[in-house]
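K.L.:
Sequence:
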Amino acid sequence: MKKYILLFVTGLVFFTACNTATPANYFDYAVLNTNMLDGFENDGLMREMVHPSAKLKEGTKDQTEIMKRKEIVDNKIQYVEQSLEKVKGLKPTDETRDMLAASEALYTYVIPVYKNEYTKMAEAWDNGASPEQVAAMGQAIHDKYGEGYRQRFDKLIALGKAYADKHNIQVQWGNN
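Going by mature numbering (1 follows the signal peptide of the UniProt record, and there is no 0), the letters in the sequence shown line up with residues -21 to -1, 1 to 155, in that order.
A couple of the hints might just be wrong.
[Stated by the list, open to error] Dumping the calculated DMTMM-like pairs for lysine to aspartate or glutamate here, alpha-carbon to alpha-carbon at most 20 Å: (1) Lys70 with Glu27; (2) Lys94 with Asp77; (3) Lys47 with Asp7; (4) Lys134 with Asp53; (5) Lys99 with Glu60; (6) Lys145 with Asp73; (7) Lys140 with Asp53; (8) Lys134 with Glu20; (9) Lys67 with Asp7; (10) Lys49 with Asp7; (11) Lys145 with Asp7; (12) Lys140 with Asp41; (13) Lys65 with Asp7; (14) Lys94 with Glu74; (15) Lys123 with Asp22; (16) Lys99 with Glu83; (17) Lys94 with Asp17; (18) Lys140 with Asp7; (19) Lys94 with Asp7; (20) Lys134 with Glu50; (21) Lys40 with Glu27; (22) Lys47 with Asp77; (23) Lys34 with Glu20; (24) Lys49 with Asp77; (25) Lys34 with Asp105; (26) Lys94 with Asp53; (27) Lys47 with Asp105; (28) Lys65 with Asp17; (29) Lys99 with Asp144; (30) Lys94 with Asp144; (31) Lys47 with Glu27; (32) Lys94 with Glu27; (33) Lys99 with Glu64; (34) Lys145 with Glu60; (35) Lys134 with Glu96; (36) Lys34 with Glu102.
[Stated by the list, open to error] The calculated label-pair distances, taken between Cβ atoms and stated as ranges, are: (37) Ile56 with Lys123: 11 to 21 Å; (38) Ile56 with Gln130: 14 to 24 Å; (39) Arg26 with Asp133: 17 to 27 Å; (40) Thr1 with Asp41: 35 to 45 Å.
Everything labelled a hint here was simulated from the structure, so no lab data went into it. From the three backbone atoms N, C-alpha and C, an ideal C-beta is built for every residue, glycine too.
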């Protein structure tokens, strides 16, 4: 019986140790990963759509084709949803609770916009909408969601800067 208790306690300690995130992990998942949202409320995503990346043609090893704009948005959605799950997977502490909540608030704000407005804009573009129509759709998204995004983003960055400073996490901040 003592053998099983010792094995259980050892396993519990190992399991707990493996699930303990470092300050850098908290920062990376909650703050740094939001870099992928760059372009949400400015022209960054529009530039990606004007000049879409190339991808390998299915079934080939050396032939490329231009990505559809919807694929760009779908890839963004997938990344953002995975990032949100990573944030939700972190155990909140007294020190990280506000930062994690701000990160989650930012992700949950942008996901529906990517899934709806940005997806519709990408589909319109892929289906031959005029540049004026696409620009108008992009402006409407910016007008409707830009301020809400900026408020959530700025709050997260302020919390992230304080957290990084406290834990000596080296970060080169852009022009936020």
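K.L.:
Can you confirm whether the C-alpha distance between Lys134 and Glu96 stays at or below 20 Å?
P.N.:
Violated, at about 24 Å.
K.L.:
Need the status of pair Lys70, Glu27: alpha-carbon distance at most 20 Å?
P.N.:
Violated, at about 34 Å.
K.L.:
With the threshold set at 20 Å, check whether the alpha-carbon distance from Lys99 to Asp144 stays at or below it.
P.N.:
Violated, because 40 Å separates the two Cα atoms, which is more than 20 Å.
K.L.:
Please test the hint of 17 to 27 Å on the beta carbon pair from Arg26 and Asp133.
P.N.:
holds (22 Å)
K.L.:
Hint check: Lys94 vs Asp144, CA-CA at most 20 Å. Holds or violated?
P.N.:
violated (35 Å)
K.L.:
Compare the distance between the alpha carbons of Lys123 and Asp22 with 20 Å, and conclude whether the hinted pair is satisfied.
P.N.:
holds (15 Å)
K.L.:
For the pair we were handed, Lys47 and Asp7, check the Cα-Cα distance against 20 Å.
P.N.:
violated (30 Å)
K.L.:
Straight-line Cα separation of Lys140 and Asp41 no greater than 20 Å?
P.N.:
violated (44 Å)
K.L.:
Please verify whether Lys67 and Asp7 have alpha carbons no more than 20 Å apart.
P.N.:
holds (13 Å)
K.L.:
Can the restraint linking Lys134 and Glu20 be considered satisfied, given a maximum Cα separation of 20 Å?
P.N.:
holds (15 Å)
K.L.:
Within a Cα-Cα threshold of 20 Å, do Lys65 and Asp7 meet the stated pairing?
P.N.:
holds (10 Å)
K.L.:
Between the alpha carbons of Lys99 and Glu64, is the straight-line distance 20 Å or under?
P.N.:
violated (25 Å)
Consistency note: the structure conflicts with the earlier hints numbered 1, 2, 3, 4, 7, 10, 12, 14, 16, 19, 20, 21, 22, 23, 24, 29, 30, 33, 34 and 35.
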